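Asks: Listed here are the chains, written in short residue letters.
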Amino acid sequence: MAAAAFPLDRYRDAELTLEDLVAAAARLLRRLDVRPGDGRIAQAPDARGIRYYQTVGVLDRPLRYDGRRAIYGFRHLLQLLAVKRLQQEGHPLHLIQQSLAGRPTAALEQALGAMLAGLGQGPQRQQTQGHAPQAEAPEAEVAPAPLIAARLAPGVTITIDPALVSDPDALIARATAILTRSDKEP
Amino acid sequence: MFESIDPIAPTVAIDTATAPRDLGGLLGLVAGREAAFPLRELRVRADLAGNCCRTIVEQVFDNPYIEGLEAVHIFPLPPDGAVTELELRAGDVIVRGECREREAAEQAFDEARRQGRRAALLTAERADVHTVRVTNIPPGTSVRVRLVIVERLEEADGAFLWRFPTVIAPRYLPGSEEIGHAGAGVLPDTDRVPDASRLQPPLRLAGGVTLDLEAEIAGPLASLESSLHAVRATFGDTVRVAPSGRATLNRDFVLRVVPAASDTTMVRGYTDGAFTLAIVNPPAGVEAARVPRDVVLVVDISGSMEGAKLDAAKQAVRAVLHGLDRSDRFRLIAFESSVHAHTPGLVDFSQRSLEKADRWVAALRSMGGTEMAPALTEAFSGDTPPGRLRTVVFITDGQAWNEPELTALVVRERRGALLFTVGIDTAVNESLLSRLARVGGGTCELVQPQGDIEEAIVRLEARIGSPVATALQPRTLERARPEPQPVFSGRPVPVLLRGAAESIIFDARDPAGRPIELTMGECRRVAFPLGALWARERVAWLEDRLVIESERKSELRAEIVAVALEHKIASRFTAFVAVEERVSHTGERVTVVQPVELPQMWSESFLGLPDMAGPPMASRVAAAPPSSGRLGRVMHALFAPDSGDVRGPSFEDAEESSFQADSIAESSAPEPLEAAYEDYAAEPPVLPQRGSSDPRREIETMLATTQDANGSFGGRVDRTAAALVALLCLGHTRRKGTRRRVVEKAARWLSQHRTEALAQLALALLDRVEAGGELPRRDEAELLLGAGAQGEALNRGLQMAR
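Residue numbers (numbering that gives the first Met the number 0), protein chains in the order written: chain F, 0 to 185; chain U, 0 to 801.
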């Protein structure tokens, strides 16, 4: 379970401004196979979309206000991901509204975690770790993209799963920088 | 400690090999299958007797979830109503609620929640907006929250109006800064509406909650009309009414009750021994002073007005305009997020200015937010010279949340002007519009978008302008609302007094400023909690003071608490709480705020993202064209300006739509019903619905809106004389009927053309009818009409009108 929920974990105690919430949702929606451009419905939510989701009650009121800024949290992120994913699956918003009413945070987390696993992230990660047998990999259409291997320094090579990392080059650059810096600090 | 329970859709233990790729499946969302929200049903039982009404409201909540439930329901109640009782009923357990100061009630509720006891809390957020919270509803069980509401009915033009709101419409939220989100609603608190987060329930995207409503009305009644298709059953003098089909919580339910015998006593009195309700009738035979008026029409063209409501608002504007007189000046202001004015200032009423205004109104389109404040400021701005009366007519659905701000604005800026409000909506903001009219010194008229706007404006017209009496004040006893009040024609003034007396004398001033005395002779004993009504009105007055004198906040608040606790009524600072003795649920608990329907005839598109909402729920209903009936077309052809050489349309089936002027009074009278109430479902007798089209009214409307500014019809004696005779046949004179003003203006114009025989004849007929003589006979009408250029067509039209 914990492994399946892995990408969500870091948001568990998050305090997000509206911009943070939208950005986090956009990142995670890609992993949930909801991509911008798949028709209007699948567009990443913007401030106006958030306001609308609040109007229909599929998104809770903010956790609190920091001065004049609304602060959102883990539950909001899960709600937003669930709405968008369900819309992508073709469910009309009025059924989503009914389905999400009274849904505890833990239930949302569990379902979304399972989704992330089901979409291949979990198994892929296990695969790279050598635990999941090849034969039991998920269906063909979610076959993982080839992993990227990058040699950062002599004797140090990392592999990057492009399905999980939006910008592999930037990650490689950052990792290289860390190595370089640690070289300079004895 | 509690065990963790699976959520509704038990999430499958995740096996990475078979992990689902469908979140809907994981959440148990099955395509096409509807799930339930907590509120299952609203039961309303109302008892109407004269000016008083007692209503029992029962909200039935289910817990369809597998966790314990805290249900939150934000809902409207009649703004004049006082909640006097709350009961929590679960199975055969009945817990009676206690009225306490709001903080104390909330604390008791929070404690019950922690302890796992079932509990209910009722708080009043505004005069109309209330919240019921029920906590610790165990899974798979139901509870009922039963409220008792007492209220005083509005009385206008001989009818009692009972309006029961069922839904809070999405209202506009003014403010530039969000400052928090303390309440359970969906809007943030803002700098201009600091309590906004408690007010707006979520919007429900499909389905609705059933309204099970029944009203019992003490008779005998002359007529009864309902805003919904309804059925009635009669038991002796008592009449019961219920909607005939399935109704949901998506519009106000309005009953218009006309008692059989109108009480023309100067002042009617009712007492329960400790409190008195006096109804002061407008003094008979007193005409309001004819002061030249500066009329400013303010019309709401915001997004929420889109569709039928805007059409109705335009109709209202035109109706008011055409009712103006030569000595009047006027100005039109339209508002949404910004203010639009048709002229920089007031203009004289003339044929030219009237036509220009008509064109300007026709071109208005709905858009933007509902920023009322700048529009009202603009309406009150500018000077009105002595000897003229500034009158502002505010036409809107009232759907904005800044009621306190607007109330303060009207008090501060009106400077002697009178503010009349006209509310147009299926779920109108009565709280705002009646309050603005109250502090604005005018009256409030509420109409359904497809109701008879014309008729409402005609009723209003008799009042736009001067009151028939001012400074009404009782000589003895403590009044709930201490300020002296104006009295308008057709609108009896209810006065709530602490104490009882054999006879009460009211002082007032007539239009000329002379003192008059109105005496309440007899006082009927009633078993109705008038004290609660007194307290409700006192609280409303104190709330007005709070807005106006914010520096006395704590003092006024303490006064509100004292009055509300003494009479055990809910207010903003007092609440009802009921807590069950035993513990009924420990364990996980979810909180669900009940989403509510979009009111009927609202267009969803203004909410911003229609494509995200699935298929539109509210079908937009266009207002019927004003002259849809055959007769309407005929009259239109006859009286429309520049109708040219209209040939009379064919009348083969004229008999079918014949109606008679002398049957007016009976046309809306109820049919006696023999069948027992229980049988009504078999063959329900349908009540007349407000606004159902009536060819007679169409003709009247046509005449009223085609009359020129000078009172003539196209400046022609023959047409004007024919119009006058048609109005006479329809029961209107200068003294009676709703079209008094049209008749008066036409007669005045004709009297300037007395040299023409047709004018003389028409005026002679008018004098005869006004003196109590017979209506124009067929030969007389023919004589009159036969002389005109379109004699034949007019004649036929008139025959039908008779």
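Note that these hints are calculated values from the structure, not bench results.
A couple of the hints might just be wrong.
Unchecked claim - Here are the simulated distance ranges between beta carbons: (1) F:A46 with U:E482: 42 to 50 Å; (2) F:D19 with U:S553: 52 to 60 Å; (3) F:R47 with U:R734: 54 to 62 Å; (4) F:E14 with U:A561: 22 to 30 Å.
Claimed, not checked - One-sided excerpt, in silico: chain U residues whose CB lies under 8 Å from chain F: (5) Q106; (6) L202; (7) G207; (8) D211; (9) V546.
Quick caveat: nothing in here was measured; it's all calculated off a predicted structure.
Glycine residues also receive a C-beta, built at the ideal position from the N, C-alpha and C atoms.
Asks: Does each hint hold? Answer for all of them.
Replies: Results of checking the hints against the structure:
A beta carbon spacing of about 46 Å between A46 (chain F) and E482 (chain U) agrees with the range 42 to 50 Å that was offered as a hint. D19 (chain F) and S553 (chain U) have their C-beta atoms about 40 Å apart, which leaves the hinted 52 to 60 Å range violated. The hint said 54 to 62 Å for the Cβ distance between R47 (chain F) and R734 (chain U), and at roughly 58 Å that hint holds. Look at E14 (chain F) against A561 (chain U): about 43 Å separates their beta carbons, and that is not inside 22 to 30 Å.
The restraint placing Q106 (chain U) at the interface with chain F is violated, with a minimum CB-CB distance near 21 Å, outside the 8 Å limit. Interface restraint check: L202 (chain U) against chain F, minimum CB-CB distance 5 Å, threshold 8 Å, status holds. About 11 Å separates the beta-carbon of G207 (chain U) from the nearest beta-carbon of chain F, more than 8 Å, and the hint is not met. Interface hint at D211 (chain U): violated, since its Cβ lies 22 Å from the closest Cβ of chain F, which is beyond the 8 Å cut-off.
A least Cβ separation of about 25 Å between V546 (chain U) and chain F goes past the 8 Å threshold, and the interface hint is therefore violated.
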